[in-house]
Amino acid sequence: MDFLMGHLLSWILFLPTIAALVLLLLPDRPGLLRWYTLVASLLPFVLTLVAWANFQTGQPGFQLEEQATWYSAINASYHVGVDGISLPMVLLTTLLMPLAILASFSVKERIKTYMFLFLLLETGMLGVFLALDLMLFFVFWEIGLVPMYFLIAQWGSANRNYASLKFVLYTMGGSLGLLLAIQLIGVVSGTFDLPLLFERWPGLDSGTLLGLPVGTVKSIAFWAFVIAFAIKVPVWPFHTWLPDAHTEAPTAGSMILAGVLLKLGAYGFLRLVLPLYPVESHNFAGWLAALGAAAIIFGAWSAYGQTDFKRLVAYSSINHMGFVVLGIAAAAWVLGTQDAAIALNGAVLQMFNHGLSAAGMFFLVGVIYERTHTRDLTRYGGLFSLIPIYGGVLIFTAMGSLGLPGLGGFVSEFLVVRGAWPVFTLATALSMIGLFFTGAYILKALKMVLHGPLNEQWRGHLPEMNARELLVIAPLVVLMLVIGLWPAWLLDMINRAVVMFF
Amino acid sequence: METPIFTPSMVLAILPEICLIILAGLVLMADLLFRHRKERDLGLLTFAGLAITAGINLIYARPGLVPDLAFGGMLRLDWATYVFRTIFLVGAAISVLFTLDGEKRIRGGAFYLLLIIATIGMNLMAAAADLILLYLAIETTSIPLYVLSGALVKDPKSTEAGIKYMLFGAFTSAIMLYGFSLLYGFTGTTQLYALKDLLDAGQFSIFALAAVAMLVLVGFAFKISAVPFHFWAPDVYEGAPTPVAGYLSTASKAAGFAVLLRFLNVVFPDLYPSWVLVALLSVGSMIFGNVLALTQRNIKRLLAYSSIAQAGYMLIGVATATELGNTAAIFYLMSYLVTNLAAFGIVLIIGRTLGSDEIADYAGLSRRSPGLALALLVALLSLGGVPPFAGFIGKLFVFAAAVQANMIWLALIGIINSIIALYYYLVVLKVVWLNRSDHEQEAMPVTRPWALAVVVCVAGMLLLGTLFSPWYQWAMQAATAF
Amino acid sequence: MNFPILSFTIFIPLLAGLLILCYPRDRVTWPRVTAVAAAALTFLLTILVYVNYDIAQGGYQFIEKVPWMPIWDISYHVGVDGISAPLLLMAGVVLFCGSAVSWNVSDRPREFYAFLMFLGTSVLGVFASLDLFQLFFFFELAIFPKYLMIVIWGSPKTREYGAMKLTLYLFIGSVFALIGVLAIVFLSGANTFDLLLLEKAGFDTAFQQLWFPFVFFGFAVLAAIFPVHSWAPDGHVAAPTAVSMMLAGVEMKVGAFAALRVGIMLLPEGARVWAPLILALATINVVYGALIALVQTDFKYVIGFSSVSHMGLVMIGFATLNRDGLLGSGLQMFSHGVMTALFFSVVGMVYDRAHTRDIPQLGGLFQKMPAAAVAFIVAGLVSMGMPGFSGFIAEFPIFMGAWQVAPIVAIIAVLGVLITAGYIFLVIRRVFFGDLRPELAHVSDVSLLDKISMGILVVLMIALGVFPSLMYPMIQSGVNYILALVGGA
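Residue numbers (this note's numbering), protein chains in the order written: chain R, 1 to 502; chain C, 1 to 482; chain U, 1 to 489.
Chain R extracted, bound-state conformation:
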């Protein structure tokens, strides 16, 4: 037990990998493989709850830290730990993963490889949230790409080849700058350890590095970080990979992509960009806010223009992640003030909320797609009468996504807007207009799927959601409601971390 508790985060991090390796040895029986993977993915979730329980909210700094020698030749070590920002993200990941796996029970071909890749993906994502070493961060940052690439390329829909390659090259291209900047930081400060870097790196402001003024070098490194994370979030105009990847990915892949992978970028801003480059962040916050607002508006417009259900949901992610960016930008401008804290609270909570709602939406798109084999909104219509449970769940989730008061999305978007208003009034005002379009496209989608004249083609061919599918969506629906009504349990943790960290 001591061993377990002493290395809790390592267990959470590597249990999926171990499970994946064991999976390879199992016989090729679909049922066994599915249930095994589900159980295996529940273990990290349980351990995350244990970690949550052991987390001291009032304490500053990182907790449950572990450190071990890894690559001392370049001063990189295995260093993991959590704080109030990363722990909710870990929870989100470990929560969504069993749901995604449950949603994947409908996958028929090459189950073993599929599940194997999913488990590896989990380790990759968790590693990013847990890493307290810059090099380790990058390791996990990149490693998650590979399973995702194969998931899209192998189990995706028609245009998967193009989409998967675009996804992987965009993201890798973005991370090249990150790689270079990380190396630069390593060379200059002689360490990759994040707590140490937080102390040393921002303070460097005089003299020259590598023959250039420090300011220039830091600006270059700052932009390298920003571009990498901006592509991942994705911030408009770096978003073009996203609709393709999300649309072509298998359902569970889209859930994880939208639910967790996009958060990696935003998390990168919070964990690395703001603490390491407070000055540069401040200088460029205006640009970032503008991009955030642009993402909100253009994301909404683009979503409205879609006739492909999945693509519509994909664009909605751009729209919603815009709020995260806006919150971060506002915080960057006035770091340390109350407005900043509110905006950051909103941003982190929005990450969590969007994780829930986007995963839910993609899942629901998957459910209808599996039945109709089309994603074309014009071919649906009036389905509410055929599948009322599905209709109800879809409306609920869509409302959560829309930001209906009483559901999670409202709380976080309100906080972001509240924090950003005094800082970037114009951008925030524009974003509010964008919110109007959000309502428009969501309602459009609901109308085209559920209401209007019934497309007779589906009568009798459209079974209701089954128990497994309900089991997938239920936790998401419940959490959306809980956060909407009583956000304090989560906000408290986030808020303290934000206040102490920045």
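Careful: at least some of the hints might be erroneous.
[Stated by the list, open to error] According to the in silico footprint, chain C covers these stretches of chain U (three or more CB under 8 Å from chain C):
| id | stretch |
| --- | --- |
| 1 | 51-61 |
| 2 | 138-151 |
| 3 | 163-177 |
| 4 | 181-195 |
[To be verified] Label pairs and their computed distance ranges (CB to CB):
| id | chain 1 | residue 1 | chain 2 | residue 2 | range |
| --- | --- | --- | --- | --- | --- |
| 5 | R | Pro-453 | U | Leu-291 | 52 to 60 Å |
| 6 | U | Gly-434 | R | Leu-42 | 34 to 42 Å |
| 7 | R | Trp-52 | U | Leu-291 | 47 to 55 Å |
| 8 | R | Gln-67 | U | Val-273 | 40 to 48 Å |
| 9 | U | Ala-56 | C | Val-291 | 54 to 62 Å |
| 10 | U | Trp-30 | C | Leu-467 | 26 to 34 Å |
| 11 | U | Ile-71 | C | Ser-9 | 23 to 31 Å |
| 12 | U | Val-459 | R | Thr-240 | 33 to 41 Å |
| 13 | C | Thr-295 | U | Pro-156 | 20 to 28 Å |
| 14 | U | Leu-196 | C | Leu-58 | 33 to 41 Å |
| 15 | C | Leu-467 | U | Pro-473 | 38 to 46 Å |
Calculated directly from the structure, the hints in this document are not laboratory data.
We treat Cβ as the ideally placed atom computed from N, Cα and C, and that holds for glycine.
Keeping the supplied structure of chain R fixed, place chains C and U upon it in accordance with the hints.
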């Protein structure tokens, strides 16, 4: 001081030659007495005799540390003589082994007799310390070789080779003799070891000396087939019986080098133009030899051009005019001896079965006779200068000598040439190993003497290529003995 | 330790090769069994060397010295340091896997295995050499096995051209290196071939600057430095599988290693002056090689050009002359050796079964040979420097080293990583996924021996990527030694 007319050391000085003369007599008598017996036995007798002579030479004719001038300064028994004699005797013995089952028409007593006499001549060339003996030795070597080259009397190519060789030889040796006579005229002595001091004392113009050196070098350059005195070589090698070609390209060339080295180091050590001439000969030989070899389709002609180029590499060593350079040249000669004998020997063996020396006809050889193919591989790679074979070490030494003498340009030319050379050797190997033929299943007979000779040569190449230190010592002792 | 382990390592393949040549012609299994057994034994010995190397002590170990030619101070002198011990291990594993995947060679198997073993002795000998002459001797020893193996067993279309080009390019490089070597020994007045003495000879600066390019670029031809890289793709493609593995995996490292040991370690002042040029050329290697690989339609050419690209990174690491760069290069040499051997073995397996290497004619092979596909994917991930695999822990320090001397190099070279990801993903998709073409329906899975050898290579790469401490302390000790010679930085 009165020198005694006869001393035991004088016998020792010409012990191998005495043995060879006895052997020649034996061969002659056996040829007369046992006319009806197979000629093969004569060959075996010759081989045995040569081998025994080589052994006697190695054991009894070993010179002391102090060089010994015998017969009133005619002969000089030193390490150079010793090493070169060994080269000649080994070369002759191996050539005889190849002849045993070679071209039928030449396997008579006369052939072996002439070969032995040529060897005697070479021994004397290496030992000669007097202009007159030197000239006599050169002619004693050359005349039997002219005959041997034309030994295939019914083959017009062979006859042409003999005549051509003789005409060129006579012409160049006349020029050389003219040079000798000028030397005598300048100094009044024929003693090699006295010439230098007298030349220095005479204070002759450098142009006059250079002219003399040039005349003399013509004769030597002919023997070593250096460009531009190489014209005879391809035709003679192609036309002459293959073992003779092998013998010509190795032992005869070594004899040429023996006198060249001795002459240059003893008579003209300080005459700068003579070394420049040697360097030019070297460059010319390498470039012409290699470039012309590229276009050859006949393996014997290819080997002929390659042997011209090889003389060029050896001349690099000579041209450096350093102890290391001379050592390298002598070592190169040793490695070249086993290498080229093997190459010609294998060409002979293959030619006997194929009835052709065209490279294209070598297709499928590696399937037909893997052993021979491997031996050819070793020989050609050794010629190309690839480890772990003798040629690599030889090249390394001459290039090292050039670098050490700060003649980087010469080393670079040598190196560029060795690249060209590797190309055409590889082309032959490609034909042997890659191309297919219709006769792959037919056996290729290799008689025992041939097998022995090839194995000895391959072993020699490997030995010189890996455990080169003792042989280098030999070469060095020879190089310092002039 | 009194047991002459390095000599055994070097000469076991040679003896096995000679033995194989003596077998009767009609015994077709004897040669392959002997070769695989000898290679396995060699592999085992290289593991022993690697494991028993005392990192704390550092320096050269397992030294054996026998006079070879005392007059010139040439000796048979072997020993390994932190750089060469991993390379020795890499040569051992590639030799073993190369022999194992060649199990089905049926045309003149005696010669094939004998030459392969000679090639093994050559590369092992170079890595263990502490004598300049011996290093060169073993270096050149590889010429004829390489040429003949490509010509005889290579791919029919290009083998003559590829083999000749390769041999002549490498020969040209090595003879220039030879001039440099001779100059180091004879012109400097050192008059010894002993590397340990030459390292400390302290040649004067002008001398070093003059002769450095001869040795460095001479040897670097074998590492395929731009613009003399073009032998590599042609040669690799023309060669039979095992030779491609040895060539790209080990031989290119032999070139890099010799350039390091003779060029940089003996002539550090020269290296300092010429480093900018090397950096520039190597950067071209990285980007240009990757770009050309991107547009190839021949499966094997893709990998051939990828080697050019990756060796550029090794050269960049060398030219930084600092701790990080050299450390990365040491790791990259090992990692790339293992990776590219795996690449070529998979390419060979695909070709043997599909009888084509034209990418448009391949597809869906994952269904037929999943193990090979997975191995290829792993190698691909290593190749694109994916974290968690050995390529990453090797490339990362190289870039860190480059930042310290020439940031622009790091910035340009990193593009190579992205392009690599592009062509690797494309190739994986086109060859192993997509629809299986009807012509390929007969394709069979790979053999157990193939799987074992691929498995060894895969495990090595992942183990090194996850636990870099398996190797970096050793290479670090080697790098420290080099830095002491080069003088700080």
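| said: Tell me the numbers of any earlier hints that the structure contravenes, in ascending order. | reply: 1
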